[in-house]
Amino acid sequence: MVPSKHSPTPCSGSLRSYTESDNDGQEVVRVRTSCDDARYCDKKLSAPCSISFDIGPAYYPRFLQKKSWEIESPEESESGSTHEPSNISPIVSPLVSPLTSSAESMTCTVSNQGPSQRDDESITEIDEATQRKSDLREQLEMERAKSSALKKERDDAVLCATDLKTKFDIVEKEKDDAEKQLCKTRQEISMLEKRRNGIFWGEKSALVQAERDQAITRESDSLELKQKAEKERDDALELVTRVYEFQKETLEERNEARRIALKRLKETEQAEKERDEAQRLAAESSKQTKQAQKLENEAEVRVGKLLWEKLLREGMQKERDEARRHLKEAEQRCYRWKRELDLLREEIEEMKGENKKRGWHRTSFLGALFD
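Using full-length UniProt numbering, you'd call the opening residue of the sequence shown number 1 and step up by one each time.
Note that these hints are calculated values from the structure, not bench results.
Predicted model, so just to flag it, every value in this text is computed and none were measured.
Careful, some of the hints might be misleading.
Claimed, not checked - Taking lysine-lysine and the DSSO-like style, the derived pairs with C-alpha atoms no more than 27 angstroms apart in a straight line are: (1) 294 / 305; (2) 352 / 338; (3) 328 / 338; (4) 231 / 167; (5) 146 / 263; (6) 151 / 165; (7) 173 / 152; (8) 266 / 290; (9) 165 / 180; (10) 194 / 184; (11) 263 / 273; (12) 175 / 165; (13) 167 / 226; (14) 228 / 175; (15) 263 / 165; (16) 248 / 146; (17) 318 / 305.
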């Protein structure tokens, strides 16, 4: 596993001390102790309404040591520095301890909105996919390191084979030189034999014998050199065969490592696809939840309208029934009054006929009364 270059391990003993060049022109600041930091951490951890996530160690650049009057607010930094990169951490006052700022940057609060079970499962799948992706990347880095080591071994083997080939060429050249020397010696021997036949045997026999012995000695030496050269050639051929087999095994291992790396890459792509699918499902679930909430609200509004209309219809029906009943009662009373009036008129007519004899004043009075 290749260690990360930008992963400092913060501890209480490795805090960056303020040097004199950093504190030039600044006010005297009380050094925070470990008790203050522990008290601040306990105070942060005792917050009841937040969930904290460990986002790893933070990096604090040197510009954090600015003076208090040079620090700009977050609104000014957001509105005035749009061309700056977005990964610059927010500026912290020099009066705050680096450990305090690291504790604040290492905790992020997220409000609990009560997501559904499907959203929780989607988030869990996304986290698992991200973890698998990081593991696969680490394995890929290991395979790359192994491949580079195998490549280096292959280069060393190629260099060794080149050296052996050079030695083999040198031995072949020495062998050819020895054969030429042997041919030359044989020619000298033949010439000496011819000279021996042409000169006096008694006087020159010792000299010829000595020259023959020297030639035989040189020939035996050349044969030994030839045998030695052949032995070295056989050793070189055997070493070349071993190097070839080693190169073959190295190539097989390299192909296997490449196949494993491709397999890991495919698994990484599959994990990314699964993560994207989980995100899409989570988005669709959220969209469906919002649509269902909207439909539910519309249904409640429609039900309220229908209930109101029903109540209005029932009230209007009751009013119509009440009006009809009152009208019917009024008609009945009017009919009774008309009947009573007719009866009274008949009685008046009878009384008029009867009272004509009694006097005109009384009859006229009663007629005016009932008219």
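Hints not upheld, ascending by number: 7, 8, 15
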